[in-house]
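Trainee: Taking the hints as your guide, dock the two standalone chains into a single complex.
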Amino acid sequence: MKTLLPMAVVAVIGGTVYASEIPGFTPLERGTGAVGLFSTPAFTPDGGPFALKRFESLQEDEEVEAARPETPVVRFDMYTETVRTPPLEILDLERADFTDEVALFDTAEGAPAHPKPKLLPDNMSLMERSLWGEGGIIRAIGFSSPLTPEVRKSELALRRTMLTIHQIGGFATLGLMVTAAYYGQRYLNLSRSHDRNMHQTFVTATIASYSLTALLAILSPPPLIRRDETSTTTIHKTLAWVHAAGMIVTPIIGTMIRKRSGRYSYNDLSTARFHQVSAYITTGVFAASLIVITF
Amino acid sequence: MKPYVLCLVLLGVTGAAAQVTHLKQQKEGSLMTYKLVHPLHHVEATSKEVVYDVQADATKKEIRSVSGWVDVTTFDSGNSNRDSHAMEVIDAISYPEAKFESADVLQRGDSLIVKGKLTFHGVTKDVLALCKASWSEGKLEVDGGFDVSLTAFNIDRPSLLMIPVEDRLSFSLVALFVLN
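If you're matching them up, the sequences are chains L and V in order.
Numbering-wise, the working numbering puts 287 at position 287 of the first sequence, and it's gapless, one number per residue.
For any residue, its number in the working numbering is found by taking its place in the second sequence, counting from 1, and adding 1000.
Looking at chain V on its own, in the form it has when it is part of the complex (with noise of 0.2 Å):
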């Protein structure tokens, strides 16, 4: 009798962990944008091609832990040039990922601070993410953003006209998800 017993407890425990699943990324609409902000003007480059990895219970809309990955060279600005010269005070070839790992995610209705670890150019730091989770009919959409100092990852501000852009790095993400 005992192990019939072992046996359905055993089921009870993995049926509750199936609960918290991996959801499918849409790629198509996810994105990550940074914007940098030069006297002169602002620059905004988008990435197209970021992984965003989300476990969450979809049937009590909780989101339990979120992580992103970026190759770099992604980022478009519309401007070869400035995102080559981008690239350049980033060190891609020596540091051509960011990715993003959460630690603990607090979630209050839609409103998400997520608290995780960002490691960019080299180096990782404690990041904060304020998002907003909105789960809808078969798909959940996560909007957020993070602001991250550029001295801070021990990256060199980039000048325009012998002009540095301000310290603050702005990142800002749109993550579509399916639900199965």
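One chain only, chain L, in its complex shape (with noise of 0.2 Å):
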């Protein structure tokens, strides 16, 4: 009895010590002092978010509660500030709201836990809600499959496609729209019917190429991340609104022009004006918008 008494205070000491030491415990196990030997048992190594409710479920044992120290000092390493209140007080972990720091780790291995990325971003555009969300258009007519991680890789793979060629058809656009304005400018100039014919066909394609380039960036699917933030992307999409708007305004004020007997009345003369010059905001827009996603 004489030589176990000393062995047993030496292991109880040594045991605490130690137990702080050891790579791989997580912080909550690596408590110091006699409230980190106390604490030890409800976070074993197989303990987890379950851990949690038995030690909570120790909270209610009587026998625990008369165990526990007074004023003992428990410092969990790194992730919380040492803290001087009773232990199992502490050890309530919601309500000191160490929630975030518990869902760090993996409690199994003792390291941080592996991160799930959210398949979908939070704040998604209503087309991409009602398109790609787990309930969108998309997979209820069965063109893409429930919301699996693979399946939003092939989704992202989809929508880096889409991209790509939105971006390469954003340059041909702007080649389309530079040639018409080119040929409108020239039949405002000389009124030769060949530039006119050169002017609608251009305006024709420019329309075509420009729906088809707005369409992939409209029908892609959303990207991993999205934060509310001033970005390049944010400018481009707001000059997109613009430049959207005087695709729209500039064709049609454009057939409302009227050459009669082979001279402009007054009317059609400020309308071709309005014309021009819409269609040069539209092309100076529209070029500005690529050059900033660029940056």
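Bear in mind the hints are in silico, worked out from the structure with no lab data behind them.
No residue lacks a Cβ here, since even glycine has one placed at the ideal position from N, Cα and C.
Possibly wrong hints are sitting among the right ones.
[Unchecked claim] Okay, derived cross-link-like pairs now, EDC-like style, lysine to aspartate or glutamate, Cα gap no bigger than 20 Å in a straight line:
| hint | chain 1 | residue 1 | chain 2 | residue 2 |
| --- | --- | --- | --- | --- |
| 1 | L | K118 | L | E229 |
| 2 | L | K116 | V | E1088 |
| 3 | L | K116 | V | D1110 |
| 4 | V | K1132 | V | D1110 |
[What the hints assert, rightly or not] To spell it out: a stretch of chain L is covered by chain V in this simulated footprint if at least three of its residues, at any positions, have a beta carbon under 8 Å from a beta carbon of chain V; those stretches are:
| hint | segment |
| --- | --- |
| 5 | 125-139 |
| 6 | 221-228 |
| 7 | 276-286 |
Mentor: See below:
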């Protein structure tokens, strides 16, 4: 008995200190001092979130309550502050708001838990939600499977393809738009029917190319991450509203121009001027929306 | 008599081991940044959700081991569209975390050469990080960084306007710890 008593004392002190140094133990397991020793059973490596529940049940256990030291010091390495309060109250994790810290850990391995990225961003546009949301039309008609990580990966690959074509389409549309503006200006200056025909041909091509390019962006699956922020992408999208309005207004005004007896009336000239200015603004804003995305 | 000697030896050993402790990370100010170079511009994205762990002997100001862990989706470049593209490139759905574990720490004064393994995009490679440890009253700050090759980690270099970024991906880190 004389030899066992000091051995037991050393084992308790040494074991407590040593437990705090074992690599791989979760910080919650690395409690130091007497409380660390008492708290360990509640956070055994196979504990996980259930450890908390087990510990809560221990709280109700009068024997454990009786065995509780009165003013111990508990230290959770790295993640929580040193606290000087009764331990069972500290370890009420939800009340102490340690929930996030606990969620970081995979207590089975003593390492941070594998994060699970959200498959869809929180703030999807109405179009994205109705098309690509969990109950979106695309899934409802069977074009895409129910949302799983693998399905989402293929959707992101589709998004990348669509946006790459969107980039190419943007440059092609700008080329067509500038050419249409060139022939439009020549027709205003020289009144040659060839220029008028070329202008109308390029305008038709511009509208087709613009529509396809816009649809590729509008119908693409949502990104993985979307935050509320002001960035070059948001400026690009804001400018899109402006050139989209220009793309609607400019051709409509163009169809209103009537040249009678080889001459423009006063009203037609002002309409043509309006069409001309609108076309230049639309082209300029469209070019700006392309340039801004490169920054 | 012998058991008492054994007890004293055990106490001595455990006492010596207790000198090396896990330092408590100060989350505010701790961060990790990656830098990616494209001919048109440089991209920097920072995560403030990085978790660092350092084992050190604070009395001797010696760092014994270093590890770090980060959820890759927490990197913010100020453009979520770009970050989302980056997550597509590194397949964040399959590999949502990056972690570093040191194997060897060489310390010369405040300078540290940390050799370890970086697991990123599901690939584990040896990495050498150069760091500087600044010990002050009640605090330890570790600054440093390391470079990796995107292709070495089986990552297809992302492109902007059909132009791919450079292969080098540079990480820099700031890890703050509170000394108890």
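Trainee: Which hint numbers does the structure go against, in order from smallest to largest?
Mentor: 3, 5 and 7
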